[in-house]
Structures are given as C-alpha cells and as structure tokens.
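One letter stands for each residue in the lines below.
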Amino acid sequence: MTVERRLRDAMQARVESVDAPAMAVRPERTRRVWPAVTAGFAIVLVVALVVALIARHEGSDSLRPASTPYPSRVVVVTYDGKLQVLDSRTGHVVRTLARDVEAQNGHAGVSVSPDGRRVYFTRTTDAQCDENLDGSMEPIDEIASVSIDGGRVRTEASNVRWPAVSPDGRYLAYSGIPNCSDAGQSIVLKALDPSLYDRRFDGVNIPSGTPGTVYGLAWASDSRHLLFHRDIGSTYPYVLDTATAKAVDDGQRVDIGDGSAVAGYLGDTGYLLGTSAQTSPSERGEVIAVDATSGARERTLFEYPGPWPGSDAASDGTGRNILVSGARLYRWSQGDARPTRIGSDVAAAAWVPTGRVRAVDAPSKIVAVTRDGRLIVASSRDGHMIRLLASDYGGNGFTVSPDGETVYYSRRSDRVCTNPVGDHSLDIVAVPTRGGEPTLIANDALDPQVSPDGRWLAYSGVPNCSLASSSIVLDDLQKPGAQLRVWSSVGGAASVVSPWSIRWRDDNRILFALADGPTRVLDIDQTVTLTDSPVLPVAEADSLCCRVGATGLMAGSRTLAGVTSVWTFDPSSGGPVARLTWPGQPLDADPTGAHLLVYFTDPTHPPVLSRNVVGSRRLVRISSQLYDARWLPGS
Amino acid sequence: MTTADDGWGELAALYREHARPLVRLAVLLVDDVGIAEEIVQDAFVLVHRRMGRLDQVERPVAYLRTTVVNLSRSRLRRRLVALRHPGLVERASPPADERVGMSDDQRAVIAALQRLPRRQREVLVLRYWSELSEDEIAATLGISNGSVKTHAHRGMAALEQELGT
Chain A
1 MTVERRLRDA MQARVESVDA PAMAVRPERT RRVWPAVTAG FAIVLVVALV VALIARHEGS
61 DSLRPASTPY PSRVVVVTYD GKLQVLDSRT GHVVRTLARD VEAQNGHAGV SVSPDGRRVY
121 FTRTTDAQCD ENLDGSMEPI DEIASVSIDG GRVRTEASNV RWPAVSPDGR YLAYSGIPNC
181 SDAGQSIVLK ALDPSLYDRR FDGVNIPSGT PGTVYGLAWA SDSRHLLFHR DIGSTYPYVL
241 DTATAKAVDD GQRVDIGDGS AVAGYLGDTG YLLGTSAQTS PSERGEVIAV DATSGARERT
301 LFEYPGPWPG SDAASDGTGR NILVSGARLY RWSQGDARPT RIGSDVAAAA WVPTGRVRAV
361 DAPSKIVAVT RDGRLIVASS RDGHMIRLLA SDYGGNGFTV SPDGETVYYS RRSDRVCTNP
421 VGDHSLDIVA VPTRGGEPTL IANDALDPQV SPDGRWLAYS GVPNCSLASS SIVLDDLQKP
481 GAQLRVWSSV GGAASVVSPW SIRWRDDNRI LFALADGPTR VLDIDQTVTL TDSPVLPVAE
541 ADSLCCRVGA TGLMAGSRTL AGVTSVWTFD PSSGGPVARL TWPGQPLDAD PTGAHLLVYF
601 TDPTHPPVLS RNVVGSRRLV RISSQLYDAR WLPGS
Chain B
1 MTTADDGWGE LAALYREHAR PLVRLAVLLV DDVGIAEEIV QDAFVLVHRR MGRLDQVERP
61 VAYLRTTVVN LSRSRLRRRL VALRHPGLVE RASPPADERV GMSDDQRAVI AALQRLPRRQ
121 REVLVLRYWS ELSEDEIAAT LGISNGSVKT HAHRGMAALE QELGT
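If you're matching them up, the sequences are chains A and B in order. All letters in the first sequence, in the order written, are residues 1 to 635 by this note's numbering. All letters in the second sequence, in the order written, are residues 1 to 165 by this note's numbering.
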C-alpha cells in the first residue's frame, strides 16, 4: 500500500473519533473515487510506458526538427537543496555548484545571467527573525550567486528572494522582505551594470490587495517589463513597467481564471508561459501559452504525466525550449511530440543561455517567380533554376504544401468575364514540385494558401473577375470536392474581403484583411459557424506574411514615413512588435521559422530577393532576377 | 437591506454544515478532538465578531478554514509551551481513548504526520483530507503555489522515509 493510501486511511480512522452523526457530512467520494483514480493512474502509467517503448522503437527522435537545438545545460535546485548543472540531453549531473540551497518557505527561484556565466539563487542563512504570526523563529533568506564553473558563493542581498536577471544582463531583480514579514514586500532592481543605480518599487508601484508575498519574478524579453505575483493563492500575475515605475494597478493584472498558473514569459514570443491546474495524480499536466493581454489560453504546447504536486515551467529566451520542474524534470523543444524526462525531484530549473545565436540550415531550394512570370524551383543559395514548374503563372499568388510535394498557384483561364474590361477569369491549379502536369483545383479563384497542418487550402473566390465581391473559400484537401465558403462580406456591403490578403496563423486560424477603409486584419476559425463574428484586431500592417522565428509572431510589412519595412506582429492582438531593419516585403518563413525570405527594396539599390537567419541583422542576397519566392520544405 | 438577523441565519447555516468537517480538519492538525472542537468554536466566535464583514468575504468557508488552520497553529505553539512548563493547564497530549479504533499502522502514520514540520503537515492534511487544490491550499496557508509543491513533496518524502513503502 502506498504511503499516500496509508495516510488517507489513517486520517480517516483518526477523525472517526469525532462524533458519529457528523460523519455523514463527510462525502463518500473520496473512498470511492481514489481507488478508481489510483487504478486509472496505474493504467495510464502502463499505457504511457507501452507508448514510450513503441515510440523509442520507432525512433521518435527522428521526428524532431534538426533546427531546434536546445541549450546544452540546465541549472536546477533539487528538493534536497543542491544547486546543480545538468546535461540537458541526458540529465546527468555535470557539476554541483552548492549544497544546502533552499529557501525557508520552499524554493524561491533560480536565474542565470544572459551570458550563461553566473547563477543566482535563494538560500537560507543562519540568521533568524521572529516575526511570524505564531511567534516561531524562522531563518532569513538571501540571494547568492556562483559561477557556472563552480567556486566561491557570493552573497548578493539579504532578506530577499526570487532572483531574476534581466535579459540584457543589466539588473538583478528580486523581492525584498522587510523585517521577515510576508506583508509589505517590495521589488528591488540591483544594478549589475556599474553605470546604473539600484531601484526599488513598493507602495504605489505595486498594486494593493491582500497582503502577501511578492514572488515569481520574471522578465519580459524587452528587459523592461517585469512580471510578478502577489495576493497569495491567486493565479494571476501583475506586470511592472520598470521604465515608468508606475501604471501597475489592478486593471493590468492578467487574469487567467481557469486555475492555470503563469510561470513567466514564453521567451520573446509575446506570450506568457503557463501550467494548467492539476488536481489529481492521474491528471496530466499541461504547459500552455497564454495571451499576455487577455489572459486567454492561447494553445497547449504539450502535456506531461503527473504526479501531483504539479510543476513549474521555465522557457529559454526563444520560447522554443521549455523545462518542467517538480517531482519529475522534463525537457521539451518545439517540434517534440512529447516531453523528455531527464530528472526528478527538482524544485526549480532554468536553461543556461548559450550567449550566441545558433545557426541552422535553411532549405536548399525555393519555389520562385522569374521576372518573365515563370514558376521555377531554384537554388536558395544563388537563385539558379533547377526545374521549370509552369510558364502560365498569372502573378496572383502561389503556395507550397508543408510536405514540399505540391505547389498551388493561380493562372489565367480561357474563360472571359462579363465585366466591362473583359478580363480572363483565374483558376487555381496544383503542380508537383518534382514536375508534371497541373491539376485544376478551383475556378474563379486566386491567391491559394495551404494551412500549416496541410489540410486546408484557402483562397480568394472572385466570381466573374469581381474583386469587389471577393470571398474566402476553404477546400478540404483530405476530401476532394468538399468546399466551405467561409466569408463573403464583413460588416455589410462596405466591407469586403481583400483579395491576396489571406494568411494562416500558426494555430490554423485564418487572418485576412478588409478591402476598403482602414487596414484591419480579421481573424477567423474555419471550424466555427459562418455567421460568427470574427475578432477585430488592428494589425497596422500593410500585409502579413508568415510565422517568424519560434515566437508565434508573424512577419509583415508596415509603411512609416513613406518607407515600407519588415516588421513582426502579434497575431492575437494585431499589434506591431518590432521592426526588422530592412526595407521591403517579407515573403515566407521556412517551417522552423528560422529563415525568412525577403524582397529587399532599398531605394538606393535594385530590388533583390534575399534571405535572413531570424535573429541576425544580415540579409543574404539570392537573386535580382526573382521577385517572389517560397521555401521548398524538406529540401 | 442586510439585518443582523440575516447574518445570524447565515452563520447558523455555516455552522450546521461546516462545523463538523472543520473539527475533523483541526483534529488532524492538533491530534486532539477536544482542542479541535474548541478551535472550531473559537473560529466561529471570531467570525461572529466580524459579522459586519462576513458578507464581504467572498468564500466564507475558505475564510473559516484559514482561521481554523491559524488557530490550530497557535494551539500547537501553546502546547509546546505547556510541555516546557508542566505547571500550566494546557493539555500536552490527546486522551488515549481517542485512538482506540485505530490499527497500529494507522497510529504510526498519524504519529509520523504529527512529527512533520507544521507547514508540511498542514499541506498534506489540506490536500489529502480536505482535498483542496493547490491554489486553495496556497490561499489557506498564505504561501505561494511553489511552496505548496515543495512542502507537499518534502512531507511525503519524509513520511515514506519514516514509514517505508
């Protein structure tokens, strides 16, 4: 019998000395449910074991994209108080940096400097204070640091907890604990850069509410906004703007509301990293991405098997690699079907930044359009033509399927529209990237876009060449002939879908723009009923292109002061996030999001098709003879 | 309009429904039925004194539970004082007849539970007896969710070590 079961039985027996009539108040569900839960848990474990063995046999590692190299080291604080460096692949202990590392009241964070050289952690000192409600003596906590290579441990600050080094390495943030009290705590920024001053935030800067610990500090990638928790027992975090030292109030808290907890930021994605509420040992934990503004659950990143108590999660700077600590330590990288267990009994964990951008290989081929309108497969190195796919490309949009097998493009048909101009209508056809005859997919359509999961083909329907009545049409590629017209107008006759504007979000939702009025990008889920109103974020984008990086952000173009530049946008809020330096149009990102194709249009140079490793400033020239291109996945 | 009578009715209903479960919770924290009943009584007296504010309490049962845990903690401290000063009235151990119906193993488990540090004991009792969620435990004890996990893990590990599996 497990200790848990024995404990439950003993507690049940112990309380039976309380008078009998009251026992009826005790719900029976515990006795009935927990054996079932335990049995269910055992079944889940067995099934998980079998699945894991099968996956191992089938070589599941081969499914992991080669382009998601996770940092090679992890720093952990174990439940028995060791600060250790682990090999993140195997979980083997590389080095023990310190022992007896634990805060009085459980773990209180571990943080690594952005250069990966110094580890900051909380530990208990020999000093004591007597400020607890029950009068008991409790030791004082302090934050200390040690080199990643080991050596002398240095005290950074006393009577403080929850260290968090800013991504730019300029500040060490922590919560101050005046006089050992759980009330009236402050947030302190200790300057690691000698040219800066220390800063303290309390009183008006930290929202009022139930007095409680300030804990769970985590920096946003901008090294300006600092997330923290307050109001013990609640699950929502607050965000402190350290630049203005104000405007942090109850109205700015991020309220998740479903019992999930926020663990910090999901790298530089703009999302928060959260863990779902786990209420029983048999329940699988979830690591989720949370919208930083609304607190809405954006998507489940992955699940992991229990057991209770649940776990904390930590992301690296890219949002691509995540650790789950707790009774078990898991590592997960974007593209992994499931997390990999690499340890156990870890109270807190953090990736050790590598301090450098890791290069990954781009696809070796692109599908591109030549200046005379031919669709070709070309080298991504110099634009040299490898194969001619079609000579009848009409310049009205093309897309490559995620498996790299098929190109969908629009071409001019023989049919003539009855409009005054007498245009020829457009068809969408599919052609294999290995060459072959095109297959007709749809009439009166342009700008095909395959969904990220490869199932749907979205395009603009333009009956009788009328762009003024453009609609969004979805074809189910798994059921040929199954067509779903999604949207023909928005907000009345004055608002119609803009052709050439349909783009897929990473989560298989569609973004599209309105053809008239201010540029607004709309968001629609193809699984909802057709009459559902879409969300209406203002994207402030001239056009959107594709997911970029591991961030969940989308690249797009935006014109300011007459110059059109490549920007990243948050596909949920529609807000611009950052400008990526170069003037021009983003065309496509590869499946990993690590490489971007850009049509560079600096006024001082001839336009040229270029590529960029996301995260670096450098654009690499491909060809000035190509003006539109997509990566060829798998090449 | 709220009247004093409304408050009494609410309090009485709370007492009828929750007094006994709260006594059971307190028994597991202080290991003495008599003291547990006093604690729960005291908790309701405290609530009564704050009747004017009870309607402002979002979750009165959670409020009562927190009060019971806090009062149990105080009583344990007073018991420690009594152990050090035998002349004081405070009873230092529960009556022997309270455990008549328990097996040797169950007694050993309860004894091991009582030897745990108070935070660990409180977390385990709230989790495995009261079946509170992690968030509810954190709110009841006034600690963070991470601390709940840590105390739970340490508590179970200590019990496993002492009791064996």
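These are calculated hints, taken from the structure and not from any lab test. All values derive from a computational prediction rather than experimental measurement. Errors might be hidden in some of the hints.
[Said to hold, decoys possible] Covered stretches of chain B (chain A as the covering partner; in silico rule of three or more C-beta atoms under 8 Å from a C-beta of chain A):
| id | segment |
| --- | --- |
| 1 | 24–35 |
| 2 | 140–152 |
| 3 | 155–162 |
[Claimed, not checked] Residues of chain A placed beyond 10 Å of chain B at every Cβ, according to the derived structure:
| id | residue |
| --- | --- |
| 4 | V15 |
| 5 | A108 |
| 6 | H229 |
| 7 | A327 |
| 8 | I386 |
| 9 | G394 |
| 10 | N396 |
| 11 | G481 |
Here a beta-carbon is modelled for each residue, glycine too, at the ideal position from N, C-alpha and C.
Non-conforming hints, listed in increasing numerical order:
The structure breaks hints 4, 5, 6, 7; every other hint is satisfied.
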